[in-house]
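*Asks:* Put the complex together from the two separate chains, hints included.
Protein sequences appear in the order of chains C and D. FYI, the numbering for the first sequence is 1 to 407, going by my numbering. FYI, the numbering for the second sequence is 408 to 523, going by my numbering.
It is worth saying that the hints were derived from the structure and are not from the lab. Watch out, some of these pointers could steer you wrong.
What the hints assert, rightly or not - DEER-style ranges, computed between Cβ atoms:
1. D/A458 <-> C/R159: 25 to 35 Å
2. C/L223 <-> D/K502: 20 to 30 Å
3. C/E175 <-> D/E512: 18 to 28 Å
4. C/K50 <-> D/A516: 32 to 42 Å
5. C/R159 <-> D/S510: 19 to 29 Å
6. D/P454 <-> C/A46: 52 to 62 Å
7. C/T100 <-> D/S423: 22 to 32 Å
8. D/I461 <-> C/E97: 52 to 62 Å
9. D/E512 <-> C/T280: 45 to 55 Å
What the hints assert, rightly or not - The list that follows gives simulated cross-link-like pairs (lysine to aspartate or glutamate, EDC-like), each with its CA atoms no further than 20 Å apart:
10. D/K409 <-> D/D489
11. D/K498 <-> C/E5
12. C/K50 <-> C/E12
13. D/K502 <-> C/E177
14. C/K163 <-> D/D442
15. D/K441 <-> D/D426
16. C/K163 <-> C/D38
17. D/K498 <-> D/D472
18. C/K163 <-> D/E495
19. C/K163 <-> D/E439
20. C/K163 <-> D/D489
21. D/K409 <-> C/D178
22. D/K498 <-> C/E269
23. D/K479 <-> D/E512
24. C/K50 <-> C/E80
25. D/K502 <-> C/D178
26. D/K409 <-> D/E480
27. D/K502 <-> D/D442
28. D/K441 <-> D/D489
29. C/K50 <-> C/E5
30. D/K498 <-> C/D74
31. D/K502 <-> C/E175
32. C/K279 <-> C/D263
33. D/K409 <-> D/E512
34. C/K163 <-> D/D494
35. D/K409 <-> D/E453
The C-beta atom is built at its ideal place from N, Cα and C for all residues, glycine as well.
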Amino acid sequence: MSPRETVHQVLERVATEDRGRILAYLASRFGDSALAEDALSNAFIAALMKWAASGIPDQPAAWILAAARNNMLDHLRHREVENRFAARETASEQTSEPATDIAAMPDRRLELLFVCAHPAIDPAVRTPLMLQAVFRLEIAQIADAFVMSPTAMGQRLSRAKAKIAQARIPFAVPEPEDLSGRLDAVLQAIYAAYTAGWDDLSSGRGALASEAIWLARVLASLLPGQPEVRGLLALLLHAEARRTATGAFVPLAGQDVRLWSVDMREEAERELHLAHALKTELGAFQLEAAIQSAHASRAATGATPWTQIANLYEALVQVRPSLGALVGRAAARGAAFGPEQGLAALQETAAYKNRFSYQSYWACLAQLSSAAGLVEDAHHAYLQAIELSHDPAVRAHLHSQLTANVR
Amino acid sequence: MKYMLTMTESESGFASRNDPAYWGAWMSYTQEIKDAGIFVFGSSLEPPHTATTIRIRDGKHNVQDGPFADTKEQLGGFFIVDVENLDEALKWAAKSPSALTASVEVRPALVPRHSL
Numbered sequence: 001m002s003p004r005e006t007v008h009q010v011l012e013r014v015a016t017e018d019r020g021r022i023l024a025y026l027a028s029r030f031g032d033s034a035l036a037e038d039a040l041s042n043a044f045i046a047a048l049m050k051w052a053a054s055g056i057p058d059q060p061a062a063w064i065l066a067a068a069r070n071n072m073l074d075h076l077r078h079r080e081v082e083n084r085f086a087a088r089e090t091a092s093e094q095t096s097e098p099a100t101d102i103a104a105m106p107d108r109r110l111e112l113l114f115v116c117a118h119p120a121i122d123p124a125v126r127t128p129l130m131l132q133a134v135f136r137l138e139i140a141q142i143a144d145a146f147v148m149s150p151t152a153m154g155q156r157l158s159r160a161k162a163k164i165a166q167a168r169i170p171f172a173v174p175e176p177e178d179l180s181g182r183l184d185a186v187l188q189a190i191y192a193a194y195t196a197g198w199d200d201l202s203s204g205r206g207a208l209a210s211e212a213i214w215l216a217r218v219l220a221s222l223l224p225g226q227p228e229v230r231g232l233l234a235l236l237l238h239a240e241a242r243r244t245a246t247g248a249f250v251p252l253a254g255q256d257v258r259l260w261s262v263d264m265r266e267e268a269e270r271e272l273h274l275a276h277a278l279k280t281e282l283g284a285f286q287l288e289a290a291i292q293s294a295h296a297s298r299a300a301t302g303a304t305p306w307t308q309i310a311n312l313y314e315a316l317v318q319v320r321p322s323l324g325a326l327v328g329r330a331a332a333r334g335a336a337f338g339p340e341q342g343l344a345a346l347q348e349t350a351a352y353k354n355r356f357s358y359q360s361y362w363a364c365l366a367q368l369s370s371a372a373g374l375v376e377d378a379h380h381a382y383l384q385a386i387e388l389s390h391d392p393a394v395r396a397h398l399h400s401q402l403t404a405n406v407r
Numbered sequence: 408m409k410y411m412l413t414m415t416e417s418e419s420g421f422a423s424r425n426d427p428a429y430w431g432a433w434m435s436y437t438q439e440i441k442d443a444g445i446f447v448f449g450s451s452l453e454p455p456h457t458a459t460t461i462r463i464r465d466g467k468h469n470v471q472d473g474p475f476a477d478t479k480e481q482l483g484g485f486f487i488v489d490v491e492n493l494d495e496a497l498k499w500a501a502k503s504p505s506a507l508t509a510s511v512e513v514r515p516a517l518v519p520r521h522s523l
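Excised from the complex, chain D in its bound form (with noise of 0.2 Å):
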């Protein structure tokens, strides 16, 4: 069952990025994930200020400079996994350095379902 981790980061969790402790943290959570073969894939993100939004209404295009959403943490990166169930991907998204400066919301991978 695959689940996706997303990771959300503070401010001040951006502002670390140049810290190399920073990146010690993620990069043996990230081999800690290969090693247990888990891995489906995975990336850490630029900060927000270099994202742009698209929308279309009524055929016409709008293209905005910024994320989706203005919120106080902000998407910093995202695993797939491919856990058994609930509580294994809780279990690796509880380990992630974003969930003890920020926040991991836990997804699963849609199942197309169609009603018989």
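If we strip away everything but chain C, and leave its shape as in the complex, we get (with noise of 0.2 Å):
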């Protein structure tokens, strides 16, 4: 630690690097999320005025941990002293020796991520309830992204975690029995946020991204007989591989394959074929790995396979399908087929009403618009993209696109 840190600083590393462990490690204790998430928080601001008074202290994570700890205890508490039935509730903490380092401290993010999918929780609020509990996205960020108001969002997520500390849903990752229909929702959780932490790369979110990547591989290394999770792993590692190479938008077609980072994509590779050396039916995720594979696979051969990409795509369309993956489709047939294929695979997006307000949408008809020479249907169509994109570098090679093909 550095001296000249002032307090908000170290604050601020604290609440990036150790907030999501010391939650789930207090949540997990005491089988209290909502709880956790409160005494953190209060741990935080005692941090604020206590450190501006008395001085920084040498191990700050763990003076966070101890504080935010005995407010959960205070807590617990007094609501047995008011209440003679509590009486057991201090009791609820687990019995081993509580954790003072955070280096020795448990690392309990992957059992919150399965408490939040259990069968017992609504399977609509299992994603975004991880998104926040082990993720600490924002609620406007999340009821954003499920298209929801942050109000109603809000309360879902407080019932939620109401029912996982009054039900005492345990903190554990199920037996292999139970997996099943709990494991596809956290592998999903894991995707959204690592997609949160790449959208968002300025806001100091690229911490999200290595959080997911490190969770993908406990999980792994946990259920190594699992396919989807090494397709999950293969998936990210892929992404991740290229986003170290592009500081600002460069669309994957336009990009140095030199860039790529050559151990993180052989290290996709080598999941990829532990995955499919299972020998189960190809899932979701292994899909998108495969595609993703398929796409670097032009940094040996120079060029991009886009008849296997089309075909890994309608497998896709067929195992989950999504407006996502019939965008994707879309794009591969018309690089592979030429752009009236394209379009009309485009076609079959008309099921999805939000389409139009899908800025991907808008770009792939963009493209193959203008590949078909139709000029006015792609000026619409970059226009369209143009205003739903966030990114002010998306926006800008939309913009050069457009003077580019359309003119």
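*Replies:* Put into structure tokens, the structure is as follows:
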């Protein structure tokens, strides 16, 4: 720790680096994630006041951990004094000695993920709950991603957290026979967290992307026989291999493959082979990873295997149909078999009412229309895509495409 | 931690109460709960046509024949068990004969909480 760091800077560092782990640890010790969140917020507020007066402690994260745990114990004791029925509450802390040091603190983030994915939790709230409780995304941001009002999302999240504590859902990675129903929701949340980290590099949430990869790695070592876990890890590694290469936005086809991280790409390929070696039916994450793998093969061959990618998308829309997969399939078919084929495939998104507010739909339509010589359609689609892009670099790219191809 | 396991039964379930196999399944289930040392209380209930429901509105007693909700599956019995967590409670609920033919609801007993 640099002596020049201010209280604010230290707290921000602890919040970015250790908050997730401390939260999961306390939630699992007391079986209550909402109470853990409140206690940790109180500990940060206490630190802000104390440290300004008496200096920053040698181990700030350990200080926060101790303060938060004491806050939880106080709260629970208070509850007991008020009410004789609650006499067993403080006993709900696990009997093992509490950790005082961050390094010695067991990591419970995975357990917390599986609690959020418990069958007793409403399926629609599982992924949002994981994004909030484990990955600490803002409620407004989650509500936005799930097309819901922040108030409604906040209510559903607090109801779910109350259920975790009151019904006492155990903090554990489920036994193999209970795993199948819960694993997919966990994988989807890890993927969503990674994407949220990717989308918003400027806001310091790059840490979120690394955390998502770390969790996928832990999950893969814990559950070596689950091909979809390896599929997810391979997918994240392929994406990460490219992320480091692109400071500003450069579309995949235009990227310099020599900048992609070779180590991560190789690790991704190994994971994907291990997944295939398990010889189960191909799941969605394996297919998405295989699509990324096909894109990455351009580094060796110099050409993108579009026909193969189109076939993989064909399988993906069978296994897990989504608007994103249909648009990806249309783009791949356009590149492999000509823009008319791509436009025909894009028609199949009609079942999704929200396609007109989906940026990728318009970007794909713009590119295909332009390639097919449909100048007016392309012009309209480019303008729509630009309007729906948040990232200035993406807007700039679309603008240059518009002027280069449509005028 | 105490949980109430509320067992419902279908009409045919209630009808099969004359069948010795019916009681055999329940007796062995009850015995298993007692052997596990988690039994707090529990009972089977007489069929819904024996139920009487009372509501008081504006000081007036309204007493009616029948259960409080007229649904396909009706309350047939309950257990209160003392187990570690929800997964344990769900495991016991799944063993109940009701789980196969009707349904079992699992709810934690309320621990009063005052907001501070």
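*Asks:* If a hint holds in the structure, say so; if it doesn't, say that too.
*Replies:* Now for the hints, and whether the structure bears them out:
no.	hint	result
1	D/A458 <-> C/R159: 25 to 35 Å	holds (31 Å)
2	C/L223 <-> D/K502: 20 to 30 Å	holds (27 Å)
3	C/E175 <-> D/E512: 18 to 28 Å	holds (23 Å)
4	C/K50 <-> D/A516: 32 to 42 Å	holds (40 Å)
5	C/R159 <-> D/S510: 19 to 29 Å	holds (22 Å)
6	D/P454 <-> C/A46: 52 to 62 Å	holds (59 Å)
7	C/T100 <-> D/S423: 22 to 32 Å	violated (60 Å)
8	D/I461 <-> C/E97: 52 to 62 Å	holds (54 Å)
9	D/E512 <-> C/T280: 45 to 55 Å	violated (35 Å)
10	D/K409 <-> D/D489	holds (4 Å)
11	D/K498 <-> C/E5	violated (52 Å)
12	C/K50 <-> C/E12	holds (16 Å)
13	D/K502 <-> C/E177	holds (16 Å)
14	C/K163 <-> D/D442	violated (29 Å)
15	D/K441 <-> D/D426	violated (24 Å)
16	C/K163 <-> C/D38	holds (16 Å)
17	D/K498 <-> D/D472	violated (35 Å)
18	C/K163 <-> D/E495	holds (16 Å)
19	C/K163 <-> D/E439	violated (28 Å)
20	C/K163 <-> D/D489	holds (18 Å)
21	D/K409 <-> C/D178	violated (23 Å)
22	D/K498 <-> C/E269	violated (40 Å)
23	D/K479 <-> D/E512	holds (15 Å)
24	C/K50 <-> C/E80	violated (28 Å)
25	D/K502 <-> C/D178	holds (16 Å)
26	D/K409 <-> D/E480	violated (24 Å)
27	D/K502 <-> D/D442	holds (14 Å)
28	D/K441 <-> D/D489	holds (11 Å)
29	C/K50 <-> C/E5	holds (16 Å)
30	D/K498 <-> C/D74	violated (33 Å)
31	D/K502 <-> C/E175	holds (18 Å)
32	C/K279 <-> C/D263	violated (25 Å)
33	D/K409 <-> D/E512	holds (14 Å)
34	C/K163 <-> D/D494	holds (13 Å)
35	D/K409 <-> D/E453	violated (24 Å)
Hints 7, 9, 11, 14, 15, 17, 19, 21, 22, 24, 26, 30, 32, 35 from the earlier list are contradicted by this structure; the remaining hints agree with it.
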